[in-house]
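Student: So you can see what is in the structure, the chains are spelled out below.
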Amino acid sequence: MNKQIAFILAVVVQAAILAAVPARQVYTRLSGRTIRLKTAPVDPYNFLSGYHVILSYEISRPLDWSQTQHRFSRGQVVYVVLKPAEDGTWFAKSIHVQRPQDLNVDALVIKGRYSGWQGITYGIESYYIPEAVREQIEKDLQENARQAIVEVKVDSFGTAALMRIIIEDRVYEY
Amino acid sequence: MKEAVSAAFRRHLKQQLPVLRQEGLITTDQELAISDRYSLDRLAYESTHKLIAVIYTVGAFLIGIGVISFVAAHWTAIPRTFKVSLISAAMLAAHLAGYYLWKVSRKSPSLGHALIILGTLIFGANIGLMAQIFHVEGRWNGAFLPWSVGAIVMAWAVQSTPVAVIAIVTSFIWFLGGIGWNHQAGWSYYPFAAAAAFLPYCFWRRSAFAFTLSLFAIAVAAVLSSTGRGQTGLLLGVSSAAVGLLYSCWGLIAAGGERFKSFAAPAIFLGFLAMTIAVYMASFQKVAGEWLYSRVEFDNVSLPAAVTPLVALVVGIVLVVPAAFRSRTNPAAAKILAAAVLSFILFLVGSLTFSQFAFALLANVALFALGAAFIWTARDLEDRRLFWSGVILIALMIVSRTLEYETGLLVKAVVFTAGGVAIIALGIMYEKFLKTRRIAHE
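These protein sequence lines map, in sequence, to chains A and B. Heads up: the first sequence is residues 1 to 174, going by the numbering used here. Heads up: the second sequence is residues 1 to 442, going by the numbering used here.
Calculated from the structure, these hints are not laboratory results. Being a predicted model, the structure only gives us computed values, none of them experimental. The reader is advised that the hints may include incorrect statements.
In silico PhoX-like pairs for lysine-lysine, Cα to Cα no more than 25 Å straight-line [stated by the list, open to error]:
| no. | chain 1 | residue 1 | chain 2 | residue 2 |
| --- | --- | --- | --- | --- |
| 1 | A | K3 | B | K432 |
| 2 | A | K38 | A | K111 |
| 3 | A | K3 | B | K107 |
| 4 | B | K83 | A | K153 |
| 5 | A | K111 | A | K93 |
| 6 | B | K335 | B | K412 |
| 7 | A | K38 | A | K139 |
| 8 | B | K14 | B | K50 |
| 9 | A | K93 | A | K83 |
To give a feel for the contact side, a few chain B residues facing chain A, derived at Cβ under 8 Å [as the list claims (entries may be wrong)]:
| no. | residue |
| --- | --- |
| 10 | A8 |
| 11 | K103 |
| 12 | Q132 |
| 13 | F134 |
| 14 | V136 |
| 15 | M154 |
| 16 | A157 |
From the three backbone atoms N, C-alpha and C, an ideal C-beta is built for every residue, glycine too.
Could you build all of it, start to finish, from the sequences and the hints given here?
Tutor: The following block contains the structure:
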């Protein structure tokens, strides 16, 4: 009997680990606020790594980045205040090392990390895509790099989850 | 109590018994008694059983690799909820069917065990799949830690050594992938965590294979985590030598007892390997000089990076006493212990000097002591492998020194020729010695 309990417990532990893997993302997807971000060309200019698209955003190197980046050390957590622009996408208003309080209703905070040459990363830099559409998406991204918009959800903790990539009227969601 | 005999011996005995009976050396009753004593009638069943277990396990691993490749190929035509249900069901089905066949109905324990192994492999693949389905960011090695945790829990629950081996290997991959990417001080805790997670299982199940794998992972991690950015090169050598002393002493303690005798050989082997690497590296004047110079960096060493070598050092030194006690009646064990302690002291004294020449010289003496101890112990144990290990070690030392000090071609020619002649002469002498011993035994 004890052996059976031990086995059931082990299966429960494995199931709990599996559930914990996407828990953060699921919470953000369920509770987050949807915003749209403009992508920026990645450096080096290569969109594909194995089976995922590598993305970079305008907010990855926000404001006067070449001046401001020296304030941070590699791996440091930063909070970026975002505001909506007239075209419906969101842009970076300010960067903080402490989470800012008393925000305007139309602003929100996204949590990132200073990652050296990648600028600030938000955990939304790669998007898994199916093998069959790899080439199509890569071609579309290369030809319309400036038009690519990414829809993400941002929860109250500032965590972001990548929902879909939109290039003109084409929506890529997997 | 019956002593453990190998399957090969029993098979040979089974073939020989009818011959002995025909020759009139034993009676039919005696043949039956011997057959009964060694359960020879079970041989056919045992070998079939073993073969089936191996086939099932290989099959399970192949299916597991297939599942992992399937994940890599990325299947996106199916809706997300269905995907999650599918992968969870596959894992649960493998585990439940495995447990039923192995432990409940006991109809096919081998197949059941293989299914549990498969379930654990599917579990690992599922971690990657979950990350893919929900676009979780992370480095490739991130999935290996949760996989290892899930596997070791399952290994304990169903008492499966192959599953424990999966846990050890995946945790080691996680460590290597992590420390290779970012040499943070936190990785220094891995050897302790791995020891706490895996060694109790190895002792509980008396699995020498899982034990050897664990010791290897712990030793490599202990050495790697005390090197790299901001650390001093000398710590690498000290870690390796300290792990060498610790493993050798522990191995000798195990060899002197009954319960974990099978753990002794791998521990002593890995211990001597670690010790040899440390003294061999220091035997080069250039390395010895760099290591001595790196002491100026000691102030910058982070505490976690110093913890592993310190703990290995203290525990290793403490274990010398019980190891000496256990080895007092066994001349071979005493020689092995003396070689380990002597080379460790020489290395430590050398690392405290201010001359790279003195450090390298002491390391060379230590290397020679290790080689000489192997050859000497090989005489006691009549073990060819040990003898040749010692000879190769001393030859390696001579070749390295000759190449290091850029001597003229003529000197090199003399050294290599003399070395070659000496090796052949030693080999002939040892074989002669073994022959006279064999005659004396007979």
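Student: Now, for every hint given, state plainly whether the structure supports it.
Tutor: Hint check results:
1. A:K3 x B:K432: 57 Å, violated
2. A:K38 x A:K111: Holds, at roughly 17 Å.
3. A:K3 x B:K107: 18 Å, holds
4. B:K83 x A:K153: 22 Å, holds
5. A:K111 x A:K93: 14 Å, holds
6. B:K335 x B:K412: 33 Å, violated
7. A:K38 x A:K139: Holds. K38 (chain A) to K139 (chain A) sits at ~18 Å (cutoff 25 Å).
8. B:K14 x B:K50: 18 Å, holds
9. A:K93 x A:K83: 6 Å, holds
10. A8: 34 Å, violated
11. K103: 7 Å, holds
12. Q132: 5 Å, holds
13. F134: Holds, because the Cβ-Cβ distance from F134 (chain B) to chain A comes to roughly 3 Å (cut-off 8 Å).
14. V136: Holds, about 6 Å.
15. M154: 4 Å, holds
16. A157: 4 Å, holds
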